[in-house]
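**Q** As a plain string of letters, each chain reads:
There are 2 protein chains.
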Amino acid sequence: MRAAIRRGPTIVCEEIEEQPLSTGQVRVKTLACGICGSDLHAVHHLDRMVELGKRAGGGMGLDPAKDVVFGHEFSAEILEHGPGTQKTLKAGTRVVTVPAAINPAGGMELIGYSNLYPGGYSERMILTEAMLLEVPNGLSSEAAAMTEPFAVGAHAVAKAHLEPGSACLVVGCGPVGLAVIAALKARGHGPVIAADFSPTRRRAAEVLGADVIVDPATESPHTHWGAYGVPATLMEAQLARMMGRAVARPIVFECVGAPNVLQSLIEGAPPGAQIVVAGVCMEADRIEPSLAINKELELTFVFGYSPEEFARTLHDIAEGRIDAMAIVTSRVGLAETPAAFARLARPDADVKIVVEPWR
Amino acid sequence: MRAAIRRGPTIVCEEIEEQPLSTGQVRVKTLACGICGSDLHAVHHLDRMVELGKRAGGGMGLDPAKDVVFGHEFSAEILEHGPGTQKTLKAGTRVVTVPAAINPAGGMELIGYSNLYPGGYSERMILTEAMLLEVPNGLSSEAAAMTEPFAVGAHAVAKAHLEPGSACLVVGCGPVGLAVIAALKARGHGPVIAADFSPTRRRAAEVLGADVIVDPATESPHTHWGAYGVPATLMEAQLARMMGRAVARPIVFECVGAPNVLQSLIEGAPPGAQIVVAGVCMEADRIEPSLAINKELELTFVFGYSPEEFARTLHDIAEGRIDAMAIVTSRVGLAETPAAFARLARPDADVKIVVEPWR
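These protein sequences, in sequence, are chains V and B. Under numbering that gives the first Met the number 0, the residue at position 52 of the first sequence is numbered 51, and the numbers go up by one with no gaps. Under numbering that gives the first Met the number 0, the residue at position 23 of the second sequence is numbered 22, and the numbers go up by one with no gaps.
Hints in this document: simulated from the structure, not taken from any laboratory. Don't be surprised by glycine CBs; every beta carbon is placed ideally from N, CA and C. Be a bit skeptical, because a hint or two may be false.
[Stated by the list, open to error] Residues from chain V shown here face chain B by an in silico Cβ test under 10 Å; the list is partial: (1) 54; (2) 270; (3) 299; (4) 317.
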């Protein structure tokens, strides 16, 4: 079958061998697979990502020197059931899944970051039957594939210490920031201030329900806290407390993941704010802890999602609480995948490109 | 009256003028006043502290170029009531207070960091009657003066997202770390692992009830998590969750406040840990956000305490739940205060030195 393969720091489109199914596995046809920012990063820095996972005491057991087929934001159609499967979902059923699988040795593989199992930038994949979720009738395969990136937002919001009426600022409206906006709105939180330099992304933020949209090139997003009664300074916060005026905790979502963003948020955030760090800055970064102490900030680093958050996100999309298609800006076949990676390096051209390997 | 005055980067012992009492104020005799680590820092870096407070939108309205009498960890005895006072507490009553006062212009002054009101390194102070708390009968004046530093620990513990059985690691057993240990034990939390390079400070940690005492020169404190069932790696944490084994959230208290400590804790802390940052690192610092993200750490920066935490700490000390005297290692008069500052720069010589200006 054909696949877009990560080989060294490039993506090449070639034929690959298919493997036999092991116990509990199903073979599926990939219907749609989103290109994730971490894939863009991994093309060039897979070594560093693997090393980092090891230092955190977990991570991917993959060899960056070998071929990998990326793609972990997918929907698929069941083709064939392997040995020892339940067959509750028949061939032809459309499915999504948390992109993880058990390998024959009993270890965990991340689909899309595995030397063993190809990810969604291939015509067919091998998935674990027990982990499959059926795509609800009527939901498009592209929208279903967006369950994974939107689950990242659901998890970030679940980790936020939101109070009724907490004003939220989402910094960076790439797929992660947009997923956070969608999850906040799906759960009835807000007001939501959204900031991004890109007009394309600001438009998507608006579609997903952000209340205030800011171009940081023209104004600081932090000028908007006051409109929601959030004290901008320690003095104002103390005064509000002395006057018995309860202020819901302000929440900032860092969804950029670049050096210096954290420090700029420590400088700009209101006192007492929680900064939920969902953007992955892969470089070492510089912060001023004494400023964070003076303002009593909380930095909550978040990663991934739980199977429950993933399943709930699928239903939020299927039942219209999240407009998943608001982030999809282009569709490509496997042959165009290398070019799509290059295009995503420019933040204004696209938000989410979906690969359709059957094209 | 005599006072130990901060003038430029030195402490000098001289006579200063006494001021008349304004409405609602009382004049007190200073009985005991602890030397705080922030005073040691402020002798040399008061400009930077003032600037930092301003950048946080609060801070001290003081001019570092003018004389300041430091000292904010005090107990005192009422000498004289000013105009418009209630006189509920008679002359001769021993008192403590949150070191803050309202100036005649209606603004807030921090006693011990004010050009207007001398702090506790002086024979007499001017305090606000409405803020005074009576020292319970039988509690020594020195122990009462320790209310302030122990309140810092109470606040840090109040900001920790402790779960029943949460294992706690206190890194650095200076006065802040020791106050954290005392507050954890006073509230029935633990187990508490305490780490410090200094034998003097490790001994104090033991007296205050730490369960495991570690010399980081001989072993990493992080080797002790396993004994309390805390998974050391992401893999182990996932496995524990899959086996339905609930693990109480591990909490790390950063009580050192020096560059690189935060990054070493990000590297060493178990996945899912909260790091409560109570040590004040005044320099910019380097962290690896991607490692904190992989481990889903939470960095909670804390500062000061509330009036309620202060009052509760006084009662914890008076009722024997906190052995405040465990941290007091020396007593000096005003003339010896400059030498005491120099001695505290060596962490092994002392933990807390108390100034007794009446000596």
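**Q** Confirm or reject each hint.
**A** Checked hints:
no. : hint : in the structure
1   : 54   : 6 Å, holds
2   : 270  : 7 Å, holds
3   : 299  : 5 Å, holds
4   : 317  : 27 Å, violated
Of the hints listed earlier, the one the structure fails to meet is number 4.
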